[in-house]
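For the record, the sequence lines run as chains A and B.
Just so we're aligned, residue 920 is where the first sequence starts under the numbering used here, counting upward by one.
Just so we're aligned, residue 2 is where the second sequence starts under the numbering used here, counting upward by one.
Possibly wrong hints are sitting among the right ones.
Claimed, not checked - Pair by pair, the computed Cβ-Cβ distance ranges are: (1) B/Val35 with A/Glu1032: 32 to 40 Å; (2) B/Arg5 with A/Lys921: 27 to 35 Å; (3) B/Lys59 with A/Gln1025: 40 to 48 Å; (4) B/Arg4 with A/Arg996: 44 to 52 Å; (5) B/Asp42 with A/Leu976: 41 to 49 Å; (6) A/His1042 with B/Ala21: 33 to 41 Å; (7) A/Gly959 with B/Pro41: 33 to 41 Å.
To be verified - Within a straight-line C-alpha distance of at most 20 Å, the following computed EDC-like cross-link-like pairs (lysine to aspartate or glutamate) qualify: (8) B/Lys59 with B/Asp42; (9) B/Lys59 with A/Asp989; (10) A/Lys1028 with A/Asp989; (11) A/Lys1028 with B/Glu13; (12) B/Lys59 with B/Asp75; (13) B/Lys59 with B/Glu39; (14) B/Lys59 with A/Asp935; (15) A/Lys1127 with A/Glu1146; (16) B/Lys59 with B/Asp37.
Read the hints as simulated data drawn from the structure, not as lab findings.
It should be emphasised that the depicted structure is a prediction, and the values quoted were computed from it without experimental measurement.
Think of the CB as a built atom: it goes at the ideal place given N, C-alpha and C, for glycine as much as any other residue.
So you can see what is in the structure, the chains are spelled out below.
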Amino acid sequence: MKFGIVTFPGSNCDHDAYHVVKHQLGHEAAFLWHKETTVGDVDCVVLPGGFSYGDYLRCGAIARFSPIMDGVIAHARRGGYVIGICNGFQVLTEAGLLPGALLRNQGLKFICEDAILATANGHLPFTSRCPETLVAPIAHHDGCYYADDETLARLEGEGRVAFRYADPAGEATPDANPNGSRNNIAGIVSEGGNVLGMMPHPERNAEKALGDASGAWVFRSIAAAVEGGEA
Amino acid sequence: MPRRGVLDPQGEAVRHGLGALGFSGVSRVRVGRVVDVELPDGVSRDEALSQGRSMASKLLANEVVEDFTVEVLD
């Protein structure tokens, strides 16, 4: 399968994502410069972490209108897979491909630490190979997930919460919530299930040199969904 | 401006700061953003308002969590 990693001006986690999918997991991968208008023959688009357009105005607000987003939206409408990580998640909410918004962290500080995630729904294309808990670092100032009560109820009712911030036992406790996200939400999927946004960085814990490599399971799940078999 | 009902931790932090300065009666603070957009000469007031609302709704504000008002300055 082929991954396409978008690079906006200010994206800085594009190379990490490329390294993981191509060198660690052996898939085809290509960078997609933000000025291109189509995603080409990729199976999964990655909107990587970083500070696109310096986070000016609002995180992801300007990147949302880059020409490549026409291609990403068309790809998503065709049922193609999209994973937005950190700033990528912010771009997806600004583009309306995912509901809600990412707000300034409740404690007002930039947080840089490993996060334990509970896989809230293990039957999604992005989680089918994920263990009950996994570890992925967070590095963000604006990671507080907000959606109004009605949207939240719909997300929960439809099983569209993919990951929650959790304690080592996998419980989504208030203490385990680093940024005030409602319902400890760390990642969600779209109505069609083919678009995922998550604030933690699975690509930063995908090899043993960097941790327990449990972040790789997210990418293996995507490959399984695309290839229809073992990744 | 952050919508009412959306937690505004910046507003809360500012409220605490005001308290430290002796302004004790402040029940709530919201912190927003002002964007000045200069349009070309000859654009009418109505046209300016209309363009402003469109700009605000499409880019300048995130209507999921923010309200906006548009004002034409002379």
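Evaluation of the provided hints:
1. Hint check: B/Val35 to A/Glu1032, Cβ distance near 34 Å, so the stated range 32 to 40 Å holds.
2. Taking 27 to 35 Å as the suggested C-beta distance range, the pair B/Arg5 and A/Lys921 does not conform, at roughly 46 Å.
3. Take B/Lys59 and A/Gln1025: their Cβ atoms lie about 28 Å apart, and the range 40 to 48 Å is violated.
4. Hint check: B/Arg4 to A/Arg996, Cβ distance near 29 Å, so the stated range 44 to 52 Å is violated.
5. Range check, B/Asp42 to A/Leu976: Cβ separation about 26 Å, and the 41 to 49 Å hint is violated.
6. Remark: the range hint 33 to 41 Å for A/His1042 to B/Ala21 is contradicted by a beta-carbon distance near 50 Å.
7. Look at A/Gly959 against B/Pro41: about 39 Å separates their beta carbons, and that is inside 33 to 41 Å.
8. Distance restraint check for B/Lys59 and B/Asp42: the Cα-Cα separation of roughly 23 Å exceeds the 20 Å cut-off, and the hinted pair is therefore not satisfied.
9. For the hint linking B/Lys59 to A/Asp989, the alpha-carbon distance of about 15 Å falls within 20 Å, and the restraint holds.
10. Distance restraint check for A/Lys1028 and A/Asp989: the Cα-Cα separation of roughly 33 Å exceeds the 20 Å cut-off, and the hinted pair is therefore not satisfied.
11. The straight-line distance between the Cα atoms of A/Lys1028 and B/Glu13 is roughly 14 Å, inside the 20 Å bound, and the hint therefore holds.
12. Between B/Lys59 and B/Asp75 the alpha-carbon distance is near 24 Å, which puts this suggested pair outside the 20 Å criterion.
13. In summary, the hint linking B/Lys59 to B/Glu39 is supported, as the alpha carbons are separated by about 17 Å, within the 20 Å threshold.
14. The hinted pair formed by B/Lys59 and A/Asp935 fails the criterion: a straight-line CA distance of about 32 Å is larger than 20 Å.
15. For the hint linking A/Lys1127 to A/Glu1146, the alpha-carbon distance of about 25 Å lies beyond 20 Å, and the restraint is violated.
16. Among the hinted pairs, B/Lys59 with B/Asp37 is consistent with the structure: their alpha-carbon atoms are about 16 Å apart, no more than 20 Å.
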